[in-house]
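Protein chains: 2
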Amino acid sequence: MQSLKDVISGAMSAPKYLTGDKAGIDAFIDKFDVFLFDCDGVLWSGEHLFPRVPETIAMLRQRNKQLIFVTNNSTKSRADYKKKFDAMGIEAYENEVFGSSYSAAIYIARIMKLPAPRNKVFVLGESGVEQELHSEHVRFCGGTDPTLRRDMQPADFQNIASQGSLLDPDVGIVLTGLDYHPSYLKYSLAQAYLRQGARFLATNTDSSLPSAGTLFPGAGATSAPLVKASGQEPLALGKPSQAMMDAIEGKFQFDRTKACMIGDRLNTDIQFGVEGGLGGTLCVLTGVSRKEEFLAQGAAVVPSAYVDALGDLLG
Amino acid sequence: MQSLKDVISGAMSAPKYLTGDKAGIDAFIDKFDVFLFDCDGVLWSGEHLFPRVPETIAMLRQRNKQLIFVTNNSTKSRADYKKKFDAMGIEAYENEVFGSSYSAAIYIARIMKLPAPRNKVFVLGESGVEQELHSEHVRFCGGTDPTLRRDMQPADFQNIASQGSLLDPDVGIVLTGLDYHPSYLKYSLAQAYLRQGARFLATNTDSSLPSAGTLFPGAGATSAPLVKASGQEPLALGKPSQAMMDAIEGKFQFDRTKACMIGDRLNTDIQFGVEGGLGGTLCVLTGVSRKEEFLAQGAAVVPSAYVDALGDLLG
Numbered sequence: 000m001q002s003l004k005d006v007i008s009g010a011m012s013a014p015k016y017l018t019g020d021k022a023g024i025d026a027f028i029d030k031f032d033v034f035l036f037d038c039d040g041v042l043w044s045g046e047h048l049f050p051r052v053p054e055t056i057a058m059l060r061q062r063n064k065q066l067i068f069v070t071n072n073s074t075k076s077r078a079d080y081k082k083k084f085d086a087m088g089i090e091a092y093e094n095e096v097f098g099s100s101y102s103a104a105i106y107i108a109r110i111m112k113l114p115a116p117r118n119k120v121f122v123l124g125e126s127g128v129e130q131e132l133h134s135e136h137v138r139f140c141g142g143t144d145p146t147l148r149r150d151m152q153p154a155d156f157q158n159i160a161s162q163g164s165l166l167d168p169d170v171g172i173v174l175t176g177l178d179y180h181p182s183y184l185k186y187s188l189a190q191a192y193l194r195q196g197a198r199f200l201a202t203n204t205d206s207s208l209p210s211a212g213t214l215f216p217g218a219g220a221t222s223a224p225l226v227k228a229s230g231q232e233p234l235a236l237g238k239p240s241q242a243m244m245d246a247i248e249g250k251f252q253f254d255r256t257k258a259c260m261i262g263d264r265l266n267t268d269i270q271f272g273v274e275g276g277l278g279g280t281l282c283v284l285t286g287v288s289r290k291e292e293f294l295a296q297g298a299a300v301v302p303s304a305y306v307d308a309l310g311d312l313l314g
Numbered sequence: 000m001q002s003l004k005d006v007i008s009g010a011m012s013a014p015k016y017l018t019g020d021k022a023g024i025d026a027f028i029d030k031f032d033v034f035l036f037d038c039d040g041v042l043w044s045g046e047h048l049f050p051r052v053p054e055t056i057a058m059l060r061q062r063n064k065q066l067i068f069v070t071n072n073s074t075k076s077r078a079d080y081k082k083k084f085d086a087m088g089i090e091a092y093e094n095e096v097f098g099s100s101y102s103a104a105i106y107i108a109r110i111m112k113l114p115a116p117r118n119k120v121f122v123l124g125e126s127g128v129e130q131e132l133h134s135e136h137v138r139f140c141g142g143t144d145p146t147l148r149r150d151m152q153p154a155d156f157q158n159i160a161s162q163g164s165l166l167d168p169d170v171g172i173v174l175t176g177l178d179y180h181p182s183y184l185k186y187s188l189a190q191a192y193l194r195q196g197a198r199f200l201a202t203n204t205d206s207s208l209p210s211a212g213t214l215f216p217g218a219g220a221t222s223a224p225l226v227k228a229s230g231q232e233p234l235a236l237g238k239p240s241q242a243m244m245d246a247i248e249g250k251f252q253f254d255r256t257k258a259c260m261i262g263d264r265l266n267t268d269i270q271f272g273v274e275g276g277l278g279g280t281l282c283v284l285t286g287v288s289r290k291e292e293f294l295a296q297g298a299a300v301v302p303s304a305y306v307d308a309l310g311d312l313l314g
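Sequences listed follow chains A and B, in order.
For the first sequence, the positions run 0 to 314 when numbering that gives the first Met the number 0 is used.
For the second sequence, the positions run 0 to 314 when numbering that gives the first Met the number 0 is used.
Please note that the accuracy of each hint is not assured.
Cβ-to-Cβ under 8 Å is the rule here; a few derived chain B residues that face chain A [as the list claims (entries may be wrong)]:
1) Glu46
2) Ser187
3) Ser210
Distance windows between CB atoms, simulated [stated by the list, open to error]:
4) B:Glu292 x A:Gly23: 57 to 65 Å
5) B:Thr143 x A:Met58: 48 to 56 Å
6) A:Gln152 x B:Ala154: 26 to 34 Å
7) A:Met111 x B:Glu292: 29 to 37 Å
8) B:Ala299 x A:Gly212: 27 to 35 Å
9) B:Gly230 x A:Ala242: 19 to 27 Å
10) B:Thr143 x A:Lys64: 48 to 56 Å
11) A:Met111 x B:Lys290: 32 to 40 Å
12) B:Pro168 x A:Ala242: 42 to 50 Å
13) A:Thr143 x B:Ala299: 37 to 45 Å
14) A:Ala154 x B:Thr143: 20 to 28 Å
15) B:Asp85 x A:Ala154: 21 to 29 Å
FYI, nobody ran anything at the bench for these hints, they're computed from the structure.
Don't be surprised by glycine CBs; every beta carbon is placed ideally from N, CA and C.
So here's chain A without its partners, still in its complex pose (with noise of 0.2 Å):
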């Protein structure tokens, strides 16, 4: 088995440019049997889809190779994924989306089991989450309650700090995505639950968000004044933590070796892909990272191969 260091030196050799290559692609994409794609940045920006996305998913699929779309965007389900799909008109099935808010679920419910009855999520994010925690069977509070909404009140301080009625004594694991809504109130309560021993988990920590071809604040943006407040640092189960990679393999059971992460991102993407020890990785220049990063001396994270956009894969 090849060590970690072995793993990224190997991948540290210069990066192939595959766009306009057609050789190239051809040989590269043969030499896999399984591709993970990341979704926000490669398939689309926010409601934006990218040219020739849907022929080059249709291109692979001729060619037989199996698709994962492994995504840290907590805010979707995997149900709500296949909708998306189907309005980019993707083909893509709902058991190929593995999502962060599936794989804390699976964390949660499957590998923590924490005992009964402190075993409620406090969740600081959207529908996504809580449906992917309803699909495991976990309880939870919190999320898009629109209780938790509005403005904190003077006793709302003495309820909280002598853990009164807003304070569920089941809590014992607080889980943050990416909130669009937060509230005072919420991370109030978090930050109380913190400090009764809850554990601290994140379905990821991205510092930003790709929409309509810019960025906007991530769900590390929404555990930040968590992590500000308690001092405390979560565990995240998205990219690149290969506590999703492990999830992954053990449901969809590939050879690492024949597979390959395509992302828009060194930092989550292509380190989950390296750091797991795939046979390739691919980074496609519609996203966050920029060729300059891995292009330069000392890169710390370098992609096997890249392309200006994932349609260049079409030749």
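With chain A's structure known, arrange chain B on it following the hints.
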């Protein structure tokens, strides 16, 4: 002039415990002409006044001490603070109060002096920040604007990405205080301003806010999502920033060696006094820091003296 090293070494001798030591208290008080007070955690915790605080303040006034109330709480203006002192029954005057919002307003108006028109401030904070900016004739937007507390819509992503109507072209500074009304829209706007080159300031970056006898998220939790999303750290203008000490000295004109900082936090109040070369620092144990932290071998910040509670100075 003492070097910083001398100052810190000097302060590193074992702190004197003054509670119950009447002669020690008298000698300590006699050493100083000026007392700088932190407020939250020293005089009160949220709406809870600590015992014998009004009497202690009165005693110091009777002994002709100059009193300055130095607070990192950005949600209140000096005028708001005066009202709080009155409600608590503590004799204090508006011109004795020096808050982090006022410190930030002075820094922006008198030191940065950005050229018009790109000198408007986008505020993530409450009315205390707005009032102090207004008092220094600094233009601002954001803050308590209720239209920014709404949910983020898909069109908002497009608008911000295309530098549309949601973004004010005059903004050249993003200033964060403690914001009880965070919203994803506000953070998205702030991130866009920083990407366009706006300067990043914070009234302070306290991790927590003492209230009702426990800890809630502080102003550092307001700036944290933006730090994560932008990769930038703000210039903080509250304690322990020496920009604040310089501004206080400029306003009140005193001999630092005859001044003592009283506070409950080692890494803000006490550090502020030590690094500022004040003659002494007094830690009270009614707030954030525990005596074990500064009595430990190799403690990073050590006060000259400590009491269990401010009222202990009455002997």
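Hints, one by one, checked against the model:
Hint on Glu46 of chain B holds. Least Cβ distance to chain A is approximately 7 Å, under the 8 Å limit. Proximity of Ser187 of chain B to chain A holds as hinted, the smallest CB-CB distance being about 5 Å (cut-off 8 Å). Hint status for Ser210 of chain B relative to chain A: holds, with the closest Cβ pair at about 5 Å, below 8 Å. Restraint check, Glu292 of chain B to Gly23 of chain A: a C-beta distance of roughly 60 Å satisfies the suggested window 57 to 65 Å.
Distance hint check: the CB atoms of Thr143 of chain B and Met58 of chain A are about 53 Å apart, consistent with the given range 48 to 56 Å. In this structure, Gln152 of chain A and Ala154 of chain B meet the distance hint of 26 to 34 Å, their C-beta atoms being roughly 32 Å apart. At about 32 Å, the beta-carbon gap between Met111 of chain A and Glu292 of chain B stays in the expected band of 29 to 37 Å. Our hint of 27 to 35 Å for Ala299 of chain B and Gly212 of chain A is violated, since their Cβ atoms are close to 45 Å apart.
With their beta carbons about 25 Å apart, Gly230 of chain B and Ala242 of chain A fall inside the hinted range of 19 to 27 Å. Distance hint check for Thr143 of chain B and Lys64 of chain A: the Cβ-Cβ separation is about 54 Å, which falls inside the suggested range of 48 to 56 Å. A hinted range of 32 to 40 Å holds for the C-beta pair Met111 of chain A and Lys290 of chain B, which are about 36 Å apart. Evaluation of the 42 to 50 Å hint for Pro168 of chain B and Ala242 of chain A yields a pass: the beta carbon distance comes to about 45 Å.
Taking 37 to 45 Å as the suggested C-beta distance range, the pair Thr143 of chain A and Ala299 of chain B conforms, at roughly 42 Å. For the pair Ala154 of chain A and Thr143 of chain B, the supplied restraint of 20 to 28 Å holds, since their beta-carbon distance comes to about 21 Å. Taken as a hint, the range 21 to 29 Å holds for the pair Asp85 of chain B and Ala154 of chain A, whose Cβ atoms sit roughly 23 Å apart.
Against the hints set out earlier in the document, a violation occurs for number 8 only.
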